[in-house]
Amino acid sequence: MHYISQNNFFKLLDALKSSYEVYVPIKKGEQRFYKKYIEPTDDIVIGEVRPFEPVKAFFAQAREIVAEGFKDDIPHSSDKPFAIIGVKACDLKGFKVQDHVFKNHDYQDPFYIKNREQNLIISADCTSVIDTCFCLALGIKPHPQEDFDINLSEIKRGFVTTTGSDKGKELLKRYSSLFQEAAKAIINKKELQRAKVIEKVKENIRENKVPREDLYKGIIERNYESDIWPEEAKECVECGACNTICPTCHCFLLYDEKDDKKMERLRIWDSCMVKDFASVAGGANPRPKLWMRLRNRFEKKFDFFPKVADIYACTGCGRCISACPGKIDIRKVLTRLVGNV
Amino acid sequence: MYRSKNPYRPIKTEVLDVIKETPTIKTLKLRPEEPISFKTGQFIELTIPGIGEAPFTPSSKPFVTDEMEVTVMKVGKVTEEIHRLKKGDTVGLRGPFGSGYPLDDFKGKEVLVVGGGCGFAPLRSLMYSLFGMSGEFKKLFFRGGCKNPSEFLYKQEIEEWTKREDLNIALTVDTGDETWKRNVGLVTTILDNVEMDYKDGIAIVCGPPIMMKFATKKLLDMGFEEKNLYLSMEKNMSCGIGKCGHCRIGIYYACKDGPVFQYSKIKDFPEIWE
Numbered sequence: 001m002h003y004i005s006q007n008n009f010f011k012l013l014d015a016l017k018s019s020y021e022v023y024v025p026i027k028k029g030e031q032r033f034y035k036k037y038i039e040p041t042d043d044i045v046i047g048e049v050r051p052f053e054p055v056k057a058f059f060a061q062a063r064e065i066v067a068e069g070f071k072d073d074i075p076h077s078s079d080k081p082f083a084i085i086g087v088k089a090c091d092l093k094g095f096k097v098q099d100h101v102f103k104n105h106d107y108q109d110p111f112y113i114k115n116r117e118q119n120l121i122i123s124a125d126c127t128s129v130i131d132t133c134f135c136l137a138l139g140i141k142p143h144p145q146e147d148f149d150i151n152l153s154e155i156k157r158g159f160v161t162t163t164g165s166d167k168g169k170e171l172l173k174r175y176s177s178l179f180q181e182a183a184k185a186i187i188n189k190k191e192l193q194r195a196k197v198i199e200k201v202k203e204n205i206r207e208n209k210v211p212r213e214d215l216y217k218g219i220i221e222r223n224y225e226s227d228i229w230p231e232e233a234k235e236c237v238e239c240g241a242c243n244t245i246c247p248t249c250h251c252f253l254l255y256d257e258k259d260d261k262k263m264e265r266l267r268i269w270d271s272c273m274v275k276d277f278a279s280v281a282g283g284a285n286p287r288p289k290l291w292m293r294l295r296n297r298f299e300k301k302f303d304f305f306p307k308v309a310d311i312y313a314c315t316g317c318g319r320c321i322s323a324c325p326g327k328i329d330i331r332k333v334l335t336r337l338v339g340n341v
Numbered sequence: 001m002y003r004s005k006n007p008y009r010p011i012k013t014e015v016l017d018v019i020k021e022t023p024t025i026k027t028l029k030l031r032p033e034e035p036i037s038f039k040t041g042q043f044i045e046l047t048i049p050g051i052g053e054a055p056f057t058p059s060s061k062p063f064v065t066d067e068m069e070v071t072v073m074k075v076g077k078v079t080e081e082i083h084r085l086k087k088g089d090t091v092g093l094r095g096p097f098g099s100g101y102p103l104d105d106f107k108g109k110e111v112l113v114v115g116g117g118c119g120f121a122p123l124r125s126l127m128y129s130l131f132g133m134s135g136e137f138k139k140l141f142f143r144g145g146c147k148n149p150s151e152f153l154y155k156q157e158i159e160e161w162t163k164r165e166d167l168n169i170a171l172t173v174d175t176g177d178e179t180w181k182r183n184v185g186l187v188t189t190i191l192d193n194v195e196m197d198y199k200d201g202i203a204i205v206c207g208p209p210i211m212m213k214f215a216t217k218k219l220l221d222m223g224f225e226e227k228n229l230y231l232s233m234e235k236n237m238s239c240g241i242g243k244c245g246h247c248r249i250g251i252y253y254a255c256k257d258g259p260v261f262q263y264s265k266i267k268d269f270p271e272i273w274e
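Heads up: the sequence lines are chains H and B, in that order.
Here the numbering used here is used: position 33 in the first sequence is 33, and no number is missing along the way.
Here the numbering used here is used: position 25 in the second sequence is 25, and no number is missing along the way.
For the record, the hints were derived by calculation from the structure and aren't laboratory data.
It is possible that some hints are incorrect.
[Unchecked claim] Derived lysine to aspartate or glutamate pairs resembling EDC-like cross-links, with alpha carbons at most 16 Å apart:
1. LYS307(H) - ASP268(B)
2. LYS5(B) - ASP106(H)
3. LYS289(H) - GLU271(B)
4. LYS71(H) - GLU33(B)
5. LYS12(B) - ASP72(H)
6. LYS5(B) - ASP73(H)
7. LYS12(B) - ASP256(H)
In this text, all values refer to a predicted model and were calculated from it rather than measured experimentally.
All chains, please: the whole structure from these sequences, using the hints.
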């Protein structure tokens, strides 16, 4: 375990700029967002909690060109990869789902694979908790344990660092002059801080009565015809925010654009809450009602993914709770589903 | 298996000919720049440059790789554009995708093929394959139905099929006219005279969802095993490789696990006929 001072940390970021597009979380009001790193500024927050947008945006972008004309090359493959700083554990868990979809499959997605190979992830422990956090209910600790290159635990004026990959180890080696061995006292501080954050998340879960994942088995099948769905869907305005903001949602729409000079195929994030998501050209729609689509969203997360990939496609990040204009609260839905025996 | 480096790019393809089949259905003869080999029952995505793409199961012989035929009914944005295509136009093809019919599993069995309307398109490709394996099945039946005689696909070709000795065939239309000399009624009304070993026989159904639903029910009543019923599921297949999420049926994606499914695999999932 190593330690890097805040000064040296920014030196590291400056050095990374030559090979990466570096993105850091910044705080604006009560929200945190990823912003391209130019120079050290006061609004950069490495610890605290997850930013507003999910990290998936750096791996399968919200809008990207996936084919140009009839050429078999991979568009924009020479772009600089991203170095994403301050990624939180709930986002990293999202990779388990995204990897299953785009990577661990008969058909691989060359865009995602390239980004997974080339992007650099410098993650960070959560040092605070907000009301919507419930990661522990999904078995995720609020500090990264895997799927990062280097992890940072913020301790006053600096960070305790752990490497999580060969890429991370090489980086540490290359910039070894910026790091020092972590002193025992500071490691203890880190552990103490982690324990404190865990307690806060537990408190959150208790207060909001969020059921733990070991109670989720069969909740969709059991409640398939339940009134829970139409009742919960009442306030839904079909905006799709819950999809775009979710670290595990992966669905996309392919569409084509053409002018005199070129023809492009793009993919943009899609939302299963939108009416025509599953419609066919002939007009048939398996989920014509909004509540069916809400049920489908939960089915995909809590029935489909556990069956095909042995994982619940929820990371307890709570983003969908804060993003929903209709105040649909996934914790409450889960509580109702689990309680409905 | 899909071999393109980039699974989203279409292969440049020339429209060799456009054949008007019925007032609402056309068949395109296509020549892709790179040969595409497919297994019968697999589908391709056809791109109209700048407009978009839509999934179709080729209606031609799977063993012909330099040309492909696709039969298209005018129902939406992309298919309307497809109906405007002329000889010499450029389109794109991606695929093939999906798993196709497990033809080897049908060997030594009695096989019944049931088609409705535009479902004749994939089934024509299947029939070419089955005819090519003639002698490997104990019996081969075809039962086909359409709305009316003017909507009857591949009329002349199917007329030729009626002369084949290796095929027991019956055809019907929902509504007849003076030109129609055969059965009038839904396709389920010409299933009763299929004399075969239902318990061990294979039944393949392809057609509009409503027809598939009732044909399936009828076939189960007749004694077919759920695992011996092969259905073509019409879902919103887009990426073709199980990633975009649009065509999910329970734990499957129609695009990569189907679009042909054994009924036993999907019967418990809701919404399959919708």
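Against the structure, the hints come out as follows:
{"no.": "1", "hint": "LYS307(H) - ASP268(B)", "verdict": "holds, 15 Å"}
{"no.": "2", "hint": "LYS5(B) - ASP106(H)", "verdict": "holds, 14 Å"}
{"no.": "3", "hint": "LYS289(H) - GLU271(B)", "verdict": "holds, 12 Å"}
{"no.": "4", "hint": "LYS71(H) - GLU33(B)", "verdict": "holds, 12 Å"}
{"no.": "5", "hint": "LYS12(B) - ASP72(H)", "verdict": "holds, 10 Å"}
{"no.": "6", "hint": "LYS5(B) - ASP73(H)", "verdict": "holds, 7 Å"}
{"no.": "7", "hint": "LYS12(B) - ASP256(H)", "verdict": "holds, 15 Å"}
In summary, this structure violates none of the numbered hints.
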